[in-house]
Amino acid sequence: MTKSAENPVLDPFEAALGVSDVKGRSPWEDAWHRLLKNRAAVYSAFIMAFIILLVIFGPMLISWESDFTDWDYTSSRPSIESGHWFGTDAVGRDILVRTLEGGRISLLVGLVATIVSLVIGVGYGATAGYFGGAADRLMMRAVDIIYALPFMFIVVLLMVVFGRHIVLIFVAIGAFNWLDMARIVRGQTLSLKNTEFIEAARACGVGDWAIIRRHIIPNLLGVVMVYVTLTIPQVILVESFLSFLGLGVQEPMSSWGALVSDGAQDMESAPWTLIVPSVFLTVTLYCFNYIGDGLRDALDPKDRL
Amino acid sequence: MDNPANLLEIKDLNVGFDTPDGKVHAVNCLNVSIKAGDALAIVGESGSGKTQTVMSIMGLLAENGHASGQALFKGKDLLQMTTSELNQHRGREIAMIFQDPMTSLNPYLRIDKQMTEVVMHHQGLNKTEARAHAVEMLRAVRIPDPERRIRQYPHEFSGGMRQRVMVAMGLLCAPDLLIADEPTTALDVTVQAQISHLMSALRRQSNTAIILITHDLGVVAGLAERVLVMYAGEAVECGSVEQIYYDPKHPYTQGLLASVPRLDKPEEDGLNSIPGNPPNLLALPEGCKFRDRCPKAHEACSEKPPMQLDEQKHAWRCFLGETA
Amino acid sequence: MIQDSGMLKHSLQRLLGLIPTLLMLVTVAFFLIRVAPGGPFDSEKLLPPEVEANLSARYHLDEPVLQQYFRYVGQIAALDFGPSYHYKDWTVNELIAQSFPVSLTVGLSAMVLAFFVGTLLGIAAALRQNTRTDYSLMGFAMLGMSVPNFVIAPVLILLLAVYAGWLPAGGWDWSIAYMVLPVITLSLPAIAYIARLTRGSMIEVLNSNFIRTARAKGLPESTVIRRHALRPALLPVISFLGPATAAMISGSVVIERIFSIPGLGSYFVQGALNRDYTLVMGVVIFYGFLIIILNFLVDLVYAWLNPKIRYDEKR
Numbered sequence: 038m039t040k041s042a043e044n045p046v047l048d049p050f051e052a053a054l055g056v057s058d059v060k061g062r063s064p065w066e067d068a069w070h071r072l073l074k075n076r077a078a079v080y081s082a083f084i085m086a087f088i089i090l091l092v093i094f095g096p097m098l099i100s101w102e103s104d105f106t107d108w109d110y111t112s113s114r115p116s117i118e119s120g121h122w123f124g125t126d127a128v129g130r131d132i133l134v135r136t137l138e139g140g141r142i143s144l145l146v147g148l149v150a151t152i153v154s155l156v157i158g159v160g161y162g163a164t165a166g167y168f169g170g171a172a173d174r175l176m177m178r179a180v181d182i183i184y185a186l187p188f189m190f191i192v193v194l195l196m197v198v199f200g201r202h203i204v205l206i207f208v209a210i211g212a213f214n215w216l217d218m219a220r221i222v223r224g225q226t227l228s229l230k231n232t233e234f235i236e237a238a239r240a241c242g243v244g245d246w247a248i249i250r251r252h253i254i255p256n257l258l259g260v261v262m263v264y265v266t267l268t269i270p271q272v273i274l275v276e277s278f279l280s281f282l283g284l285g286v287q288e289p290m291s292s293w294g295a296l297v298s299d300g301a302q303d304m305e306s307a308p309w310t311l312i313v314p315s316v317f318l319t320v321t322l323y324c325f326n327y328i329g330d331g332l333r334d335a336l337d338p339k340d341r342l
Numbered sequence: 557m558d559n560p561a562n563l564l565e566i567k568d569l570n571v572g573f574d575t576p577d578g579k580v581h582a583v584n585c586l587n588v589s590i591k592a593g594d595a596l597a598i599v600g601e602s603g604s605g606k607t608q609t610v611m612s613i614m615g616l617l618a619e620n621g622h623a624s625g626q627a628l629f630k631g632k633d634l635l636q637m638t639t640s641e642l643n644q645h646r647g648r649e650i651a652m653i654f655q656d657p658m659t660s661l662n663p664y665l666r667i668d669k670q671m672t673e674v675v676m677h678h679q680g681l682n683k684t685e686a687r688a689h690a691v692e693m694l695r696a697v698r699i700p701d702p703e704r705r706i707r708q709y710p711h712e713f714s715g716g717m718r719q720r721v722m723v724a725m726g727l728l729c730a731p732d733l734l735i736a737d738e739p740t741t742a743l744d745v746t747v748q749a750q751i752s753h754l755m756s757a758l759r760r761q762s763n764t765a766i767i768l769i770t771h772d773l774g775v776v777a778g779l780a781e782r783v784l785v786m787y788a789g790e791a792v793e794c795g796s797v798e799q800i801y802y803d804p805k806h807p808y809t810q811g812l813l814a815s816v817p818r819l820d821k822p823e824e825d826g827l828n829s830i831p832g833n834p835p836n837l838l839a840l841p842e843g844c845k846f847r848d849r850c851p852k853a854h855e856a857c858s859e860k861p862p863m864q865l866d867e868q869k870h871a872w873r874c875f876l877g878e879t880a
Numbered sequence: 004m005i006q007d008s009g010m011l012k013h014s015l016q017r018l019l020g021l022i023p024t025l026l027m028l029v030t031v032a033f034f035l036i037r038v039a040p041g042g043p044f045d046s047e048k049l050l051p052p053e054v055e056a057n058l059s060a061r062y063h064l065d066e067p068v069l070q071q072y073f074r075y076v077g078q079i080a081a082l083d084f085g086p087s088y089h090y091k092d093w094t095v096n097e098l099i100a101q102s103f104p105v106s107l108t109v110g111l112s113a114m115v116l117a118f119f120v121g122t123l124l125g126i127a128a129a130l131r132q133n134t135r136t137d138y139s140l141m142g143f144a145m146l147g148m149s150v151p152n153f154v155i156a157p158v159l160i161l162l163l164a165v166y167a168g169w170l171p172a173g174g175w176d177w178s179i180a181y182m183v184l185p186v187i188t189l190s191l192p193a194i195a196y197i198a199r200l201t202r203g204s205m206i207e208v209l210n211s212n213f214i215r216t217a218r219a220k221g222l223p224e225s226t227v228i229r230r231h232a233l234r235p236a237l238l239p240v241i242s243f244l245g246p247a248t249a250a251m252i253s254g255s256v257v258i259e260r261i262f263s264i265p266g267l268g269s270y271f272v273q274g275a276l277n278r279d280y281t282l283v284m285g286v287v288i289f290y291g292f293l294i295i296i297l298n299f300l301v302d303l304v305y306a307w308l309n310p311k312i313r314y315d316e317k318r
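Chains as they are written, first to last, in my numbering: chain A, 38 to 342; chain B, 557 to 880; chain C, 4 to 318.
No lab work stands behind these hints, which were simulated from the structure alone. Treat the hints with caution; some may be incorrect.
[To be verified] The calculated lysine to aspartate or glutamate pairs, modelled on EDC-like cross-linking and capped at a C-alpha distance of 20 Å, are:
1. K311(C) to D668(B)
2. K869(B) to E798(B)
3. K669(B) to E224(C)
Take the sequences, apply the hints, and build the full model.
Below, the structure written as structure tokens:
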């Protein structure tokens, strides 16, 4: 194993200086090559891209409206002739269109809540790690305390108290998911800030915030990327969990969790109402997990042993 | 030329590793032997293949590594053995001390468990006997208050003390061969000296043969009679300590010796070092592997130099210093 | 144990550390319910008279908020969650006492199953690293992590209960038959996660220097794994048991609903849909306490298994 491979923290720095291993490949290139070699991750990325395109553009291409109730075909099985390729639900709504539109909500929740947790987590973690000392101890103690709270139950409590609103779902999920991010970022920052290039920058009179922005955040990019890909499926799962319980998005809006819940009601008479949204949800989570795994392996070769 | 007097005879040993960038040739066509009770030092820079040589005969190569050739221990080829056959010899007849005493002991088990398991497994001692034996060994390596210390965990020992534990553990079954892979590198200079003295004293007592791997020529003189110098996976010179120290034939050995700081001779131009870096093991040059850094290189060096041997069994791989 | 004093100090420190977390939980719950529009403390809301009377008596609504808060904290400390807002003849304590044993039975069985099956699969994969066995085990583990249990549950019901008719589709009568599907469904994600975790840590341990030392001693490979590798490889799994319990308790909410199991999770969801504030708050605090205390116990076990922590605490 080369020296640079063992020190992912310093890699971007070494790359910038051109100090890298025998063949002169940068660590980012190295990581990219490793990622491309991970077939599961590459396939997952393609499938994921396909699902995202389908969810965005699919509903425009299908002639059915998601709330149109086709009384001639209630709970009809998937068929080409009826035009309902994946069947209809108990009131004759097209399952495919509903699943694709539900997917928009699920993916949107995943993305927005992840961004919320990303912003809070990186800001909080980098600050705590950078300043260290008493501030760090206090900030991390707070994280420990919140961490021990039963997150799922408090989200449900929030839903009960403030009513079910989609924005609240974003905020509630994002507000709890930043904890992991804060911990990881803090740890990385702490080990980074004692490295020589940060000290050099400080010796040159570069200010605290400039150092965080220019040196620490770019160096955190790898670990944050991995974390984001692993947080998105987590959030989608939480949202669908809430929706499944009837505590998430409300009719007429729908998400994959709500659709699975509806499908589970009718599964004996119309199993396709369960299967279609379940497959979309599962494949999405599966792909995100594989991409996240692949990224982690690619960016942190230590774990690959 | 099977010589029954040889305890270990390594013949045409090759060790390679498959990596994503290609095959790494760590050891190339190595021949060396050691007699019972002898002490051989293998010297070379990092990456010269000295550690992988002994790892291959211990069956401890990494997953992607493979060895070919022969390593005859008491006439039996260690490289051909299955793991369970190898386990008949490892720990009992061949023991090994590793480079990093801080991580080479199991942090989750007390010292007594880690020591007694060796004798209980190989010699069938019961717990009490094994324990008494282990305490004795700890005393032999001069660990104070061994009865109490043996109940402790590794992290309660300093680095030097841990290496003493490793030495004691290696000698538990009175092995015929003790392999010590840079046993003192990670330690303070004073502790280094203590460990070296300890090993040579124990060796005299028990007639154990030692293979000492090091990049520190100072350690060699105190412990070994014979020295093998390796460079880029090849043996470049082999001889007695006197031959190597006072009459080095290979330019690399000469460079190594010149780079040892000495108090008894004034330095004209500070510390000497060998210019350049060892070759990339993924793409070894044809001919002499040292020629790019060699001050005495000439055209002939693009051919592989022969191994030369003089009457005093001093061998070197170079066109220079011919005996004929 | 030689390091008993160190362990004791460690435990006490950790125990004291729990107090702010518990207090935070109770505080969040109290003030959330207070600000809730249409909640039991909302003076504009028309309440059933008997609940109104109950609440006034219990929360002393005429007192200042801060005094009510301290009174409430005192009550919670005595584990008294007050009357249910929806089930008029019940206190929350009675509802918990009646339904929690059911949840505990399912949850504990799932936990034990997940631990043993997960670690075994993980070790098996690690010992056959990069073989077909390893890849397929890890592929299944990834699937187990990715398929939500509210998807697995209906599918299993459909296949094993509705089509095959081998097992009941739901309900509860304290017999094994009713437990099989819920326990399997609940444990699957944890099995998957534990298997991945065990594989990763086992591979890391097997590549460590002290395992090389153990092999150099000539011990049989099975001894090397059992005696030297197993404990360090299982440490990450032990510390995962805390979060795993929390995840399982969340999961049980869904599972109990799907399988119509009269556990605490069912009451919780019903309470949430009925806006039964006191019940929801009671369950949140109860499960919160449970998770926090389990985390504490897991921490102790971890410290006990790891001599280095015991030693560091002692100093």
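Is K311(C) close enough to D668(B), meaning Cα to Cα at most 20 Å? Answer holds: K311(C) to D668(B) is near 17 Å, not above 20 Å.
Hint check: K869(B) vs E798(B), CA-CA at most 20 Å. Holds or violated? holds, 12 Å
Between K669(B) and E224(C), is the straight-line Cα distance small enough, at 20 Å or below? holds, 17 Å
Checked against the numbered hints listed earlier, the structure breaks none of them; every hint is satisfied.
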